[in-house]
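Residue numbers (the numbering used here), protein chains in the order written: chain A, 454 to 1009; chain B, 454 to 1009.
Some hints could be false.
Here are some, though not all, of the chain A residues that point toward chain B, as calculated from beta-carbon distances under 7 Å [said to hold, decoys possible]:
no.: 1; residue: V539
no.: 2; residue: T558
no.: 3; residue: N754
no.: 4; residue: A755
no.: 5; residue: Y926
no.: 6; residue: R927
no.: 7; residue: E931
no.: 8; residue: N992
no.: 9; residue: L993
no.: 10; residue: A995
No lab work stands behind these hints: they were computed from the structure.
Being a predicted model, the structure only gives us computed values, none of them experimental.
C-beta: ideal position from N, C-alpha, C; glycine also.
2 protein chains.
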Amino acid sequence: MNISRQLAVLLLFLGACDAGANEIIYDVEHQLTKDQYRDQWREEDGQIDQALEALKQKHGKRPNIIHIMWDDASLGEVGIPELNKVLGYDTPHINKMADEGMAFTRMYTEPSCTPSRAAALTGRLAVRSGMFKVGFPPEGAGLHADEVTIAEILSANGYATGFVGKGHQGDIEQAYLHNQGFDYANFSIYNQYPFMTWSARAAMAGQVNGLMPFQWDKKHTLDKKFRPLAYVNQLEARKGGTAKEFMGPPNPENYKKLMRVHQKQTLDYVREHADNDVPFYLAYWPHMADPFVKPEDLTSNASTWYAYSMEQLDRDIGEVLALLQELDIEENTLVIAMADNGPMHELAPNGPHEVIFAGYKSDYREGGVRVPAFAWWPGVIEKDQVVNDMITVHDLFTTFARLGNALSLVPTDRVIDGVDQTALLLNGEGRSRRDYYHIYTGDVLAATVKQQFKRDWTKERPGLVTDAFTDLYRDTREEYGDMPPYLWAWLAFDHMRERHVTQMEKYPNRPVTRGVPYEGIGNLRHDAKRMSERLVKYNLSAADRNGDRPSPSVSE
Amino acid sequence: MNISRQLAVLLLFLGACDAGANEIIYDVEHQLTKDQYRDQWREEDGQIDQALEALKQKHGKRPNIIHIMWDDASLGEVGIPELNKVLGYDTPHINKMADEGMAFTRMYTEPSCTPSRAAALTGRLAVRSGMFKVGFPPEGAGLHADEVTIAEILSANGYATGFVGKGHQGDIEQAYLHNQGFDYANFSIYNQYPFMTWSARAAMAGQVNGLMPFQWDKKHTLDKKFRPLAYVNQLEARKGGTAKEFMGPPNPENYKKLMRVHQKQTLDYVREHADNDVPFYLAYWPHMADPFVKPEDLTSNASTWYAYSMEQLDRDIGEVLALLQELDIEENTLVIAMADNGPMHELAPNGPHEVIFAGYKSDYREGGVRVPAFAWWPGVIEKDQVVNDMITVHDLFTTFARLGNALSLVPTDRVIDGVDQTALLLNGEGRSRRDYYHIYTGDVLAATVKQQFKRDWTKERPGLVTDAFTDLYRDTREEYGDMPPYLWAWLAFDHMRERHVTQMEKYPNRPVTRGVPYEGIGNLRHDAKRMSERLVKYNLSAADRNGDRPSPSVSE
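With these hints in hand, go ahead and build the complete structure from the sequences.
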């Protein structure tokens, strides 16, 4: 068979994948296994539908869903008592959550914050939604209005939807989370960085902190705005309303308070929605890691701000679970708690660091993308499970849609990478419907995992594969790349990438969505407005400035 | 205070340490903490004595002790379900042992087999007993008769003493384990290496295996004995009797059988001694890691001989614990199961590899010396404990002596490094009596751990300390050596080493004990005898040849 014939067959096959107009177009690799297990999965799905229907009868509504996702952690940093000891701090509540539910040892994320969070919201690889780059201020970019989020889908199907914490989906109006399906959103448009500096005024007065020293050469400076200062970060808004900056300009003092406010908001949200007729979906993505902890507040053996942050996170999660039990809604509430990507290596050793795997945030090795993750749903998810099934952050989108009986609202005009993992949650180890993951860093396909094997695409050389293969069981830290035992895998992985790329040509990736920073903020500060105007004037094209205007993507 | 005055004070202090003629002379660092906690420990010891006496009344004898010690493993390779998943094999029995007893996360060993095993037997740093070098055939060296082993001590106090497995204490007669206190010993004099080759005859016939290829340049070879071939390894003997080679010349086929025979011997030993009037001490140090496993026998997800070995070890340990329960003696039997040192890195990725820490066998980083370890004693050791107290393999000597009511038989003419850790076993986390460890590789003091801090002595430079310090909680993999935050520790560690070295000058280390290989073997093969003679003729000094003859060191 020559190449063009191969391609024709492949395209035919891809055509067959999206058979009906109303069927979800999955990534071709999932479609390939779906075709192998069609009958088996159909039967299992029938049983699951019955189980979910019985639960609905019992509780009078579909299940509540709480998705807790924190920053930058390695598998092993929480949830395993032996590793607590090794690391010098304790996370008893998360450990208990693991004992009472399901601990994942192969939960994959994207390798950085913005992409991982976009993946959770859209169920799509960040490279498909144009959200593959970590946003920093002032960016003038963000999540496109036409991306369909899990909040939009569940909201359209009757859920109350709330967001509290770190959004990091961009500083353009269409990306604001109250414009992306959340009834209520208290969200940051960037990461924690803006909090780590002082306000513009304090900065101008010459104040200094570790992250942003303000004494610099003034004598030889022409462009005094090269270093941007007038950041806006935390916004609050309700669906259909106007965003307002929350708690004023970001600075360390605000940051400390904000984390406590968000924990309180989370508990209040749960309490207020517990007895409602409709279920709720709450994304609590806490700003995490408090580098401003005072020495006298340190309690753990490891006297670092990171250890302090982990213990605080643990207490916070413990409070959420305890509240669900107090309100007697724990048997109708799925809680997923996880990190968004691997440790930010640059902050080690006082911050997060590698624990089991090699690799860190931004990295395509396991350490960059394989995170601690737990599922808790007493009475539904069996207790004391450790599952090594592959699952990814994208899968949560499709799984939450299934649990909310809203699969029919998932868009069918684009590729969805998220796989429905309800069977894994309900039926346990071995029931995952995923056996692969294409790992992108930025918009580069850097590695592909299939089953226990991994291929490092960066090790390609023309015409011959090199020591690009790893068996992740044999070589957990990816130290011993090998070739000879994997010659069978050369073409197997080549074909896998070919399928992936061909499908991507048919359903092209969305370019980065650009626009005017800070539009739609009711109480925008003057200095921030000027920073935005500078970007518009010198950087944005006419198309960028007019914006790629939002249009509702799910009929509501 | 000038240097000589400091030294005088130090010597006075050291003199004070061994006050009574009959008191154990501990390493000065332990003595220093002992002086700080004198009253508290005395009170706790009184309570422990009462508890042990009550146990004796209940069971009619002192407790049995089983010390299982296998080869070359990293902390995390067994006992933690999440890491089982990551590594692709299961150790359910050891995991259960951990759940039902105490898991140690800071059990330190010496960094290699011979030293660790000598340390367990003598309670002394291997550098003190001259056992700091890993023995390979034909060595002509081994454990000196004047070293006092835990088997000698317990035997003298009425215990039955048995040894099954890998001894690795040398090929000279005085080192044979039936001459070192064991009533019965089935022991190897080296490690597994001799099994990995073929017999001399097969070798001469040109056979080849992965570890010892026998086709080499014959044309240019003068000395045809440069590569020794006639190995003897596994011996069997009873106290007072003559050793015999067990199961014939070592080769892969024998090796496979031998491991199964040893497991059976262990179970038989326990069964035969269960109802005796006297308690038993059994060292079961299994030959481990079966590189000859057939593909069809592989059962784990990680299809390596190492994964197979771990699962086999797990089943074997499970059988031992089950038997104790079947015989109803589990409440009067302490079982310690642990590895002897870190992973043999050179065998990765198909063999053991680093899991949590950096470092491997022979290495002074944590990975070389911090091993999986568990204590199990239903009804006495509380279940489900994870303790991060420091404990070392040397401590088992003193602890076992205490449990056997034989502390008075511990020699008082030499330094004992082992600390009595009965309080930790019985009273749980925080009760360790050790907060330091001097880590030797060979006879080099390479690093010192005190509390959570570690100093790397190999990073010394004249006159100023460098980035030689690590906080093991912050930096589990010892990647970020640092100086400024540890300036307080420069002298604190200097003084610690000074104390240690000064005491060592007062109680000098024993030189390596050399002698004629294979003496005292009843059925010595002719080819092995000739290999021994060659070594005697060309290598041993007159003193070596006459031997440093054994004299009984504990009156029996």
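Hints versus structure:
A distance limit of 7 Å between C-beta atoms decides the matter here; for V539 of chain A the minimum to chain B is near 6 Å, and the interface restraint holds. Interface hint at T558 of chain A: satisfied, since its Cβ lies 4 Å from the closest Cβ of chain B, which is below the 7 Å cut-off. Because the closest C-beta pair between N754 of chain A and chain B is about 5 Å apart, less than 7 Å, the hint holds. This hint holds: A755 of chain A has a C-beta 3 Å from the nearest C-beta of chain B, less than the 7 Å allowed.
For Y926 of chain A, the shortest C-beta to C-beta distance to chain B is roughly 3 Å, which falls under 7 Å, so the interface hint holds. With its C-beta approaching chain B no nearer than about 4 Å, R927 of chain A sits inside the 7 Å limit, and its interface hint holds. For the restraint placing E931 of chain A at the interface with chain B, the shortest Cβ-Cβ distance is roughly 10 Å, beyond the 7 Å limit, so the hint is violated. Because the smallest distance between the Cβ of N992 of chain A and any Cβ of chain B comes to about 38 Å, over 7 Å, the interface hint for this residue is violated.
The interface hint given for L993 of chain A is broken, as the beta carbon of that residue sits about 42 Å from the closest beta carbon of chain B, more than 7 Å. Of the supplied interface hints, the one on A995 of chain A is violated, with its beta-carbon coming no nearer than about 49 Å to a beta-carbon of chain B, more than 7 Å.
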